[in-house]
Amino acid sequence: MSMIDALTGNECVAEAVRLCRPDIIAAYPITPQSVVVELLASMVADGKLGSKVVDVESEHSSMSVVKGAAMLGKRVFTATAGQGLAYMYEPYFSMSTMRFPMVMTLACREMISPGTVWCGLQDALSVRDAGWMQVFCENNQEILDMVIQGYRIAEDHGVLIPINVCYDGFYLSHQTERVELPEPSEVDAYLPPIDLPQYLDVNEPAIVDPNTVGSFLIRYREDHLACMQHAKSVIADANREFAARFGRDWGGLLGSYRMEDADYVLVTMGATTGAARVAVDIMRERGLRMGLLKLRFMRPFPDAELADMLRGRRACAVIDRSVSFGWDRGVLSVELAAACGAHGVELPVLSFIGGLGGLDLRTEYVVRAAEMLADAPAYLKDGAYWMNEDFLGEELGK
Amino acid sequence: MLEIRFHGRGGQGTVNAAQLLAKAVVAAGGYAQFIPAFGVERKGSPVFGYFRMDSGTIWPKTQVYEPDGVVILDDSLIRAVPVFEGLREGGFVVLNTALDVRELALPPQAGVCTLLDATDIARELIGAEIPNTVMLGALARTMPGVDADILAGLIRGKYGEKNERAFRAGFGSAQVLRLKEG
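Chains as they are written, first to last, in the numbering used here: chain A, 36 to 433; chain B, 1112 to 1293.
One thing to keep in mind: the hints can contain errors.
[Claimed, not checked] Chain A side only, calculated, beta carbon under 10 Å to chain B, not exhaustive:
1) Thr66
2) Asp203
3) His265
4) Glu399
Keep in mind that the hints were calculated from the coordinates and are not lab data.
A quick note: this is a predicted structure, and the numbers were derived from the prediction, not measured.
Even for Gly, the Cβ is constructed at its ideal location relative to N, Cα and C.
Isolated chain A, as found in the complex (with noise of 0.2 Å):
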């Protein structure tokens, strides 16, 4: 029998990762993802949890640790956001191409410079090639929900990749909200035994990862990718019995709303997806079918099954809370649009950004955002809109 209470996005990390129990935790706060670090901190100093905490100075060091007792065959965990991920870069990547398993949550924030501590999806999508499986949650349910998902997923024995559960920093990171926590016996039930594989043992020396020529390095390449591709169909089992116990369906790859008949398509990643239901709904009240496509699994990229989604559509528009540099467009506009590409999927594309330093990616935004989409061939562009302060007032395109 659940728990109903209403928690913070932080708060359901720390009660999703005691219900886990990782063997070991490292992790070094960071705004706004610092709570998390607290309270596990908490629990395991209350008893309420038997991980083993290791204080570290860094999130080079937290990382570092983690994959020490990965090596071990431990269940391990960490947090971090922004700055403290880019300083974990060296170890973050070699977490995932040594292959070994973990969770790892990401309240996510811009980028510096400018200066800043606040929203934005900038940190996680920059390192979505770092090797990683990367999911987005939409609400504090869905962070909570995640983390239990992802250890399964992550550990599955044709998987063993690490996971990002990423949401976004202050709209979910701080918000509280209803939320049902699960009891311990049920994700025991959930989640198998701890059995990971152990390349270490201090009886045994041995190195671990010694430097490698190219013709065996390639091959490590193509099966990472291949156990990638894999994980696709772990994800889809994953949900389905996920949904099946806890009567929540999040949609594995892709999560959909009222996309049946929908001629027009809104696209979306994390919190911002809640306002784009909104729109939705408005939209189809002034009798234009709209639908709306979220994309929860940034790694593996579902390119397959959004350009199933999106065939024979008439348009779609793709709300960013990133940039890509180099591109004049967000992150998730580029890789639809390398999805479409790849399967023979033509439609008009309108790409939009905004919700940028914390900046509020607002219903009226989005609302706009679906009004020029129901007249998206008079607003094609190479480029993304803006969702700035002018967006609403601006005459755009025309």
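Chain B: place on chain A using the hints.
Same frame as chain A, now just chain B:
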């Protein structure tokens, strides 16, 4: 959906108060959401927060621009921040002040106004000028759909009995003025 915007100053317990309100609504079987907006996190600086309450899932994760009510924990904010901006026609204002309603420039659309000197009550009952629990009492008296006993229990659990008394004093002493018919 009922939407409320909170205004306070760092150190007044604005965020904690709104989180307790959300917990009380959820404990009573409802749905609630609170999103604080932090600027610089320091004592005395203006703090904002956005509260929503409904009978089902609350999807938007956005700020509130057209609140059904505003809660202001410090009357000096009226001159510093556009606290009444976007207040809906007939909306409520819950204000911590020693001033009389005739001395205040309330916006024309305000339908209900609840005034109390929450800082004074807090000083007397909890020995500190932290008005948040007293203001929760005044708010619970003003807004619909809050179970005051559930909220009182949550306040006792988090802050102890003095604050529960402060909450009940706020609830009891708040002057709820109807500014318009209906």
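- Task: List in ascending order the numbers of the hints, as given earlier, that are violated by the structure.
- Result: Of the numbered hints given earlier, the structure breaks just one, which is hint 3.
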